[in-house]
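Make the full structure from the sequences, and use the hints.
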Amino acid sequence: MTDTLVQDTQPAPATTSSTTFEWQRKRPRTLLKHAVLSLFLLVMVYPLIWMVVSSFKPGYLVLTEPGLIPSALTFDNYTEGWTALNRPFTRFFFNSTLISAGSIIGNLFSCSLAAYALARLNFRARKFYFAVTLASVMLPFHVLVIPQYVFFNEVGLVNTFYPLLLPKFLATDAFFIFLMVQFVRTIPRDLDRAAMVDGANFFRIFWDIILPLMRPALVTTTIFTFIWTWNDFFVPLIYLTSTDLYTVPLALNLLVDSESQTGVGRLFAMSLLSLVPILVVFLVAQRYLIRGIATTGLK
Amino acid sequence: MATTVEKTPQPETRQRYRPERQDGVAHVFMTPWLLGFVLITALPLFASLYLAFTDYDILSPPEFIGFENFTRMVDDDRFWSAISVTLRYVVFSVPLQLGFALLLAVLLDRGLSGLAFYRGGYYLPSLLGTSVAVAVLWRQLFGHDGLVNLALGQFGIEMDSWLQNPDTALSTLIILNVWTFGSPMVIFLAGLRQIPYDLYEAARVDGAGLLRQFFNITIPLLTPIIFFNLILQTIGAFQTFNQAYIISGGTGGPVDSTLFYTLYIYRQAFLSYDMGYASALAWVLMLAIALVTAIHFLLSRYWVFYGDD
Numbered sequence: 001m002t003d004t005l006v007q008d009t010q011p012a013p014a015t016t017s018s019t020t021f022e023w024q025r026k027r028p029r030t031l032l033k034h035a036v037l038s039l040f041l042l043v044m045v046y047p048l049i050w051m052v053v054s055s056f057k058p059g060y061l062v063l064t065e066p067g068l069i070p071s072a073l074t075f076d077n078y079t080e081g082w083t084a085l086n087r088p089f090t091r092f093f094f095n096s097t098l099i100s101a102g103s104i105i106g107n108l109f110s111c112s113l114a115a116y117a118l119a120r121l122n123f124r125a126r127k128f129y130f131a132v133t134l135a136s137v138m139l140p141f142h143v144l145v146i147p148q149y150v151f152f153n154e155v156g157l158v159n160t161f162y163p164l165l166l167p168k169f170l171a172t173d174a175f176f177i178f179l180m181v182q183f184v185r186t187i188p189r190d191l192d193r194a195a196m197v198d199g200a201n202f203f204r205i206f207w208d209i210i211l212p213l214m215r216p217a218l219v220t221t222t223i224f225t226f227i228w229t230w231n232d233f234f235v236p237l238i239y240l241t242s243t244d245l246y247t248v249p250l251a252l253n254l255l256v257d258s259e260s261q262t263g264v265g266r267l268f269a270m271s272l273l274s275l276v277p278i279l280v281v282f283l284v285a286q287r288y289l290i291r292g293i294a295t296t297g298l299k
Numbered sequence: 001m002a003t004t005v006e007k008t009p010q011p012e013t014r015q016r017y018r019p020e021r022q023d024g025v026a027h028v029f030m031t032p033w034l035l036g037f038v039l040i041t042a043l044p045l046f047a048s049l050y051l052a053f054t055d056y057d058i059l060s061p062p063e064f065i066g067f068e069n070f071t072r073m074v075d076d077d078r079f080w081s082a083i084s085v086t087l088r089y090v091v092f093s094v095p096l097q098l099g100f101a102l103l104l105a106v107l108l109d110r111g112l113s114g115l116a117f118y119r120g121g122y123y124l125p126s127l128l129g130t131s132v133a134v135a136v137l138w139r140q141l142f143g144h145d146g147l148v149n150l151a152l153g154q155f156g157i158e159m160d161s162w163l164q165n166p167d168t169a170l171s172t173l174i175i176l177n178v179w180t181f182g183s184p185m186v187i188f189l190a191g192l193r194q195i196p197y198d199l200y201e202a203a204r205v206d207g208a209g210l211l212r213q214f215f216n217i218t219i220p221l222l223t224p225i226i227f228f229n230l231i232l233q234t235i236g237a238f239q240t241f242n243q244a245y246i247i248s249g250g251t252g253g254p255v256d257s258t259l260f261y262t263l264y265i266y267r268q269a270f271l272s273y274d275m276g277y278a279s280a281l282a283w284v285l286m287l288a289i290a291l292v293t294a295i296h297f298l299l300s301r302y303w304v305f306y307g308d309d
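For the protein sequence lines, the chains are A and B, in the order given.
According to my numbering, the first sequence is numbered sequentially starting from 1.
According to my numbering, the second sequence is numbered sequentially starting from 1.
Careful, some of the hints might be misleading.
[What the hints assert, rightly or not] Below, a list of computed lysine to any residue pairs in the SDA-like style, where the Cα atoms sit at most 20 angstroms apart:
1. A:33 / B:35
2. A:33 / A:45
3. A:127 / B:35
[Said to hold, decoys possible] Residues of chain A clear of chain B, computed beta-carbon distances all greater than 12 angstroms:
4. 28
5. 69
6. 83
7. 85
8. 90
9. 104
10. 140
11. 168
12. 212
13. 245
14. 251
15. 282
Derived by calculation from the structure, the hints in this document are not laboratory data.
Note that the coordinates shown come from a computational prediction; the quantities given were computed from them, not determined experimentally.
By construction, the Cβ of each residue, glycine as well, lies at the ideal position given by its N, Cα and C atoms.
Here it is in structure tokens:
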């Protein structure tokens, strides 16, 4: 596989004889590889494509047609699904958007402050704090969630968005601190010093120099916070009890419970709509996503 | 970094100012984190340790009962089912997932045209895998009249619902996890880039075939990445919740065959309001994950290759 490095990337026209020879010799294997990779990819994403097609079929056809070409088309699943619950999905999308936006702002704010201090400032507990941050990444959420719930219940914040948002403003997604610290360390310290000579204090340095320069890390944080919050099911499930506050995943779960098999088209339609924002982020910011995973193992 | 200090114009004064600590300012920057650490992490951690030794239903104050929650587990059949389900899930899905990830990463490595397209396509399921929407899709795929049975029907194979059958329900979730091999694959791809091309060149000159190159160069040099992925995916698999919840309608059924450990904790804590017992269960989970991770680290000495030794 390694010897296909140069030639395969450029299926050049048959001008130079040696290139042509090399390329032609390896073409069958490369073609075979492309065929296998594409076929496997198709098998992988077939259920998703089928889901898209099925969402435009009348409900009774979903259960009988495994193929991709529908014998009848309809938008009813979308219009009916949107209003199938006692609140329209407008409400749930609004709630999810609000929580996602709040979480992003919270993470950007709190994690970047902590990361700047950990990466740049010279203080006594720095090493200890950094070690604790790393350790808390490992901590399973289920060990903390019961006392957290009891606490939010005591102060009367269950069934509000606060239990979902407050932790983000307190830098509890330690992963992002780690990501940002790594990034800040790559910014030359000379910039800080020059600013300090010019009389800037630490807050000015953070705001005017470090923050703009750590944009890639901030973008990565934004993307992953968005995807995690948008997909999150467990935390909203335990804290949000009234339908008015439901996020899209909770609404989908409610739809699962209330739908008979004939309504699977509507369920598909709403499920797909719930994935649209994720897919848009994927298409727009794939580069950042891939880099984020490759460097930190974020999912 | 520190060397630049010496190069600045007045080394004497600079050096004297350098060791000065910025404790005050640092703590201002760290305030949100400190609050979060104390209120959202440290206190709840100790609180849950305490609750694990109590009987607590959230309405009346917790009552200390010693090790009773832990002795109760021994006779709790559902606790053992949850352990068995979770372990089988981890043991089967993680190696399969990593196997696919490694295979595809190797196939995609080095100059194949359309790399970005394939990588994006294979990664997509990872992005969607934990969403409720995909769990909804999975319910449909493996249902009685689902896509899988429709396809099998074309070959004359008749199957009942995969989800209603306790023998097959868990395997649908294992398949779902394997389906999300894209994120470890991306990590493998990044790792493969680090392997110097010269090594393959030299091996080829010495007459090594592709398989020998794979087993004697790629695999050994990739072991740190394999180890990293193994730890990451194992810890994640132990905490699987969303998919099991949606596929079983929150019950862990049929006959507890998808009663994941976290689902059992959830049911004890937030449906039965048996918060003391649930805390004890959560601590067992944490200790189990810590133990498995520690074993992985111990064993890693025998197979992970960090070079130069």
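Hints, verified against the model:
no. : hint         : verdict
1   : A:33 / B:35  : violated, 54 angstroms
2   : A:33 / A:45  : holds, 18 angstroms
3   : A:127 / B:35 : holds, 18 angstroms
4   : 28           : holds, 15 angstroms
5   : 69           : holds, 14 angstroms
6   : 83           : holds, 18 angstroms
7   : 85           : holds, 14 angstroms
8   : 90           : holds, 18 angstroms
9   : 104          : holds, 15 angstroms
10  : 140          : violated, 5 angstroms
11  : 168          : violated, 9 angstroms
12  : 212          : holds, 17 angstroms
13  : 245          : holds, 16 angstroms
14  : 251          : violated, 9 angstroms
15  : 282          : violated, 6 angstroms
In terms of the numbered hints stated before, the structure departs from hints 1, 10, 11, 14 and 15, listed from lowest to highest.
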